[in-house]
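Read off the chains here:
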Amino acid sequence: MKKQRTLWNDGSKTVAASLLSILMGVIFGGILLVLVALFLKMPLASAWEGFRIVLAGIFNTGRNYDAGSVLTFGFNPRLMGDMLFRSTPLIMTGLSVALAYKTGLFNIGAPGQYLMGTAASIMVALAIDTSVVPAALVWLLAFLAAVAAGALWGCIPGLFKAYLNVNEVITSIMTNWIAANLVTLAFDGSPFINLVDYGKTGFTLKTSTNGVATAKLGMDALFGGSSANAGFLVALVLAIVSYVVISKTTFGYELRCCGSSKSAAKYAGMNEKRSIVLSMAIAGGLAAAGAALYYLQGDVEFSWHTSMSLPATGFNGIPVALLASCNPIGCVFSGMFMAYLNISGNQLSTFTAYNEYIADVIVAVIVYLSAFTLFFKGLMDGRRKAAPIHHQPGAAPPPAEPAREEEKQS
Amino acid sequence: MTFLLQQTLIYTVPLILVALAGVFAERSGIINLALEGIMVIGAFVGAWFVRSQQEGGWNEEQAQLLLLAALLVTAAAGALFSLLLSFSAVKMKADQTIGGTALNLLAPALVLFLVNIVFQQNTLNLRYDAPSWFMLFQTDFGFERKAKLGLVGDLLLNKTYLTTYIGILIYVVLSVVLYKTRFGLRLRSCGEHPQAADSVGINVYRMRYLGTSISGALAGMGGFIYALTTSNGAANGDVAGFGFLALAVMIFGNWKPLNIAVVGFLFGLLKCISACSGTLDINGDGVYTLAQIGVSTYVYNMLPYVITLVVLAFTSKKSRAPKAEGIPYDKGQR
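Chains A and B are the protein sequences, given in the same order. For reference, each letter of the first sequence is one residue, going 1 to 410 in the numbering used here. For reference, each letter of the second sequence is one residue, going 1 to 334 in the numbering used here.
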């Protein structure tokens with residue numbers, strides 16, 4: 001009995017529930033491919049090809065046209081490196097959402113914070129002349145500027161929540177769209193727009209034009225032809241730091257207490273208002289750091305007409321965090337998984353009649369199902385009826401449940 | 001001036017309809033963050049329906065009838081899509097914010113996937129130009145082409161859409177339903193104190209399903225009206241944050257229909273100004289006042305959100321947000 005509990009504890013159930021969501025999401029994607037194939041009278045073999053790419057996109061090495069144009073699979077260093085590069089901002093926005101969730105806050109403001117980070121990092125990286133200041137220092141300044149901008153943007157919902165008890169979801173939605181317009185306003189007519197290359201006025205200059213680019217640290221040799229760089233390692237380090245801060249420090253303990261019960265935290269003498277504001281500020285900083293790590297790569301162009309749409313990377317922090325059950329280390333894996341799906345989508349539109357949006361559909365289904373985690377866990381409990389684990393005192397309560405009831409505006 | 005008001009009305013109608021959609025869901029106790037996603041679905045289904053009917057034999061004389069049919073179809077599509085939210089929130093007792101976010105991610109992905117694969121393009125357009133088919137002119141109402149109708153007449157009878165009248169009618173009728181009927185009272189009680197509602201025999205689950213479905217129907221319709229009247233009926237998996245703007249209208253309007261109508265008009269005006277500030281000649285005297293002021297369009301775009309934030313800061317203590325919204329109702333906890 002006791003052994004069974006340690007084998008099938010709350011943590012592994014959470015992982016199992018996440019894996020179940022992923023499995024069902026992927027199956028849904030497969031069904032959709034088949035349905036579309038039937039509806040458009042495409043051969044079912046094409047749906048099967050599409051499904052194989054969805055499953056193993058980054059191992060796809062193209063088509064072998066000599067052997068009847070069959071899909072070929074194998075180690076593809078370029079896609080592998082690109083996956084690491086694209087996972088970098090996703091891991092960071094995931095960390096952002098996860099950290100706020102630990103404090104009982106739903107950070108739907110990650111897209112706005114990400115945008116502010118994008119604008120700040122690009123502007124600083126392009127504005128400081130690298131013939132005067134060393135490029136490495138400019139990179140660092142740009143990174144810090146992004147973190148500061150994101151932290152400031154995260155602070156706003158935090159302050160509203162802490163001092164006025166306004167639901168952070170509502171204020172975050174407002175700050176998101178304010179950021180979307182503010183960033184466009186800031187770039188409109190600025191010297192950072194690409195007026196050099198033909199037809200590129202909708203984009204900013206690459207930061208490499210000023211010599212600012214993230215160090216490669218041999219990642220380019222490891223993954224030839226890809227955009228991989230040291231940014232991924234920075235994200236990795238930040239994930240570990242977040243984990244240590246959340247789980248091993250007094251500060252992290254206060255944040256988690258505040259997430260479990262705001263009034264209990266206050267009663268225990270913790271400054272719950274400070275916890276809320278700091279948590280949102282750090283969350284904003286993390287999301288913005290993700291933007292900096294992505295755009296300071298050097299060769300990435302930013303499409304600055306953002307007034308009508310918010311960056312998907314910001315919203316995708318929510319699935320990353322949910323899949324990881326808000327565990328910072330888990331965010332690294334779920335971030336990589338999301339990037340994996342993203343690359344698969346690209347391969348899909350390159351090599352089949354299908355398009356990359358199927359990856360987004362699968363992600364959305366996974367998010368939808370991840371809200372059922374509690375239900376899935378209940379199912380798992382049901383099967384082993386001898387072990388009433390959900391009443392076990394040692395098991396951590398679901399992070400946001402107690403907090404949500406108090407979040408209501410009064 | 002007439003032009004400005006006409007344009008404002010075009011933005012206002014979908015805005016208040018979708019804001020009312022938010023009210024119906026929240027009053028029943030479900031936070032509907034998925035308004036944006038449902039609008040996207042409504043715009044897509046509407047565009048597809050109208051396009052296929054235009055290709056399938058309906059001619060221009062029957063355009064208004066087609067528009068009516070399209071409204072019904074988009075309302076059904078929105079209600080159907082919103083069932084995903086109510087199922088997750090009511091049956092599965094899942095977090096409503098996550099459920100809404102999931103639908104917001106799902107809608108554009110699904111629409112773009114289908115548009116790209118079925119129509120081999122990024123945007124689904126109507127077969128024929130929307131204004132030429134659906135716009136009503138004063139000649140349609142029996143007036144002479146040159147007749148002067150005055151400001152109000154011009155506003156209501158020239159260059160309008162049938163959807164404007166229907167939208168306003170639905171808005172008024174549903175507002176009355178929400179406040180003056182037994183059904184409305186029951187629905188609202190489920191958002192304030194579901195335990196009390198249940199104790200007097202109201203089926204809270206059914207009310208929440210109903211509230212969310214009405215919400216979905218309104219948002220689906222609103223999405224189609226928005227796409228038809230502002231972007232020629234094109235569906236590209238995006239309504240440019242209009243659903244979130246409607247959410248802001250709802251909050252600023254304090255969940256009350258009359259306030260929402262006023263706020264909706266104000267925000268519609270700002271949206272309109274931001275869309276055409278450079279070319280707007282308010283008094284018709286050849287002076288482009290707004291262009292001369294020189295404030296960027298993005299400032300007008302941003303203003304509704306800033307105003308809502310400021311209002312929230314000052315009125316947070318007096319907020320009339322439904323007390324039980326966002327909390328899954330559990331019979332066992334009564």
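Among the hints, erroneous ones may be present.
Think about it this way: if two alpha-carbon atoms lie no more than 20 Å apart in a straight line, the pair counts; the simulated DMTMM-like pairs of lysine to aspartate or glutamate are [to be verified]:
no.	chain 1	residue 1	chain 2	residue 2
1	B	93	A	301
2	A	200	A	356
3	A	216	A	356
4	B	93	B	154
5	B	331	B	140
6	B	91	A	381
7	B	91	B	281
8	B	93	B	281
9	A	377	B	330
The following label-pair restraints were derived from C-beta to C-beta distances [to be verified]:
no.	chain 1	residue 1	chain 2	residue 2	range
10	A	195	B	131	33 to 43 Å
11	B	320	A	195	24 to 34 Å
12	B	131	A	63	23 to 33 Å
13	B	118	A	66	48 to 58 Å
14	A	350	B	62	38 to 48 Å
15	B	291	A	63	52 to 62 Å
16	B	121	A	69	23 to 33 Å
17	A	329	B	121	52 to 62 Å
18	B	177	A	15	40 to 50 Å
19	B	200	A	329	24 to 34 Å
20	B	118	A	63	38 to 48 Å
21	A	75	B	195	51 to 61 Å
22	B	299	A	303	42 to 52 Å
Since the hints were derived computationally from the structure, they do not count as laboratory data. Cβ atoms here follow ideal geometry from the backbone N, Cα and C, with glycine treated the same way.
Cross-check of the supplied hints:
As the CA atoms of residue 93(B) and residue 301(A) are separated by approximately 42 Å, the hinted pair breaks the 20 Å bound. The hinted pair formed by residue 200(A) and residue 356(A) fails the criterion: a straight-line CA distance of about 24 Å is larger than 20 Å. At most 20 Å may separate the alpha-carbon atoms for a hinted pair to count; residue 216(A) and residue 356(A) exceed this at roughly 28 Å. Taking the CA atoms of residue 93(B) and residue 154(B), the gap is near 50 Å; set against the 20 Å cutoff, the hint is violated.
Taking the CA atoms of residue 331(B) and residue 140(B), the gap is about 56 Å. The hint is violated against a cut of 20 Å. Only pairs whose Cα atoms come within 20 Å are accepted, and residue 91(B) paired with residue 381(A) is accepted, the gap being roughly 19 Å. Straight-line distance between C-alpha atoms of residue 91(B) and residue 281(B) comes to about 53 Å, which puts the hinted pair past the 20 Å bound. This hinted pair does not check out: residue 93(B) and residue 281(B) have alpha carbons roughly 53 Å apart, beyond 20 Å.
Of the pairs offered as hints, the one joining residue 377(A) and residue 330(B) holds, with about 18 Å between alpha carbons and a cut-off of 20 Å not exceeded. In this structure the hint that residue 195(A) and residue 131(B) lie 33 to 43 Å apart at CB holds, the actual value being about 36 Å. With their beta carbons about 51 Å apart, residue 320(B) and residue 195(A) fall outside the hinted range of 24 to 34 Å. Residue 131(B) and residue 63(A) have their C-beta atoms about 46 Å apart, which leaves the hinted 23 to 33 Å range violated.
Checked against the hint of 48 to 58 Å, the pair residue 118(B) and residue 66(A) fails, with Cβ atoms roughly 32 Å apart. Distance hint check: the CB atoms of residue 350(A) and residue 62(B) are about 44 Å apart, consistent with the given range 38 to 48 Å. At about 54 Å, the beta-carbon gap between residue 291(B) and residue 63(A) stays in the expected band of 52 to 62 Å. The hinted window of 23 to 33 Å between residue 121(B) and residue 69(A) holds, with their beta carbons roughly 25 Å apart.
Between residue 329(A) and residue 121(B) the Cβ separation comes to about 43 Å, which falls outside the hinted range of 52 to 62 Å. For residue 177(B) paired with residue 15(A), a C-beta distance near 47 Å keeps the hint of 40 to 50 Å intact. The hint said 24 to 34 Å for the Cβ distance between residue 200(B) and residue 329(A), and at roughly 50 Å that hint is violated. A beta carbon spacing of about 24 Å between residue 118(B) and residue 63(A) contradicts the range 38 to 48 Å that was offered as a hint.
Separated by about 59 Å at the C-beta atoms, residue 75(A) and residue 195(B) satisfy the suggested range of 51 to 61 Å. A hinted range of 42 to 52 Å is violated for the C-beta pair residue 299(B) and residue 303(A), which are about 21 Å apart.
Going down the numbered hints, you'll see the structure goes against 1, 2, 3, 4, 5, 7, 8, 11, 12, 13, 17, 19, 20 and 22, while the others check out.
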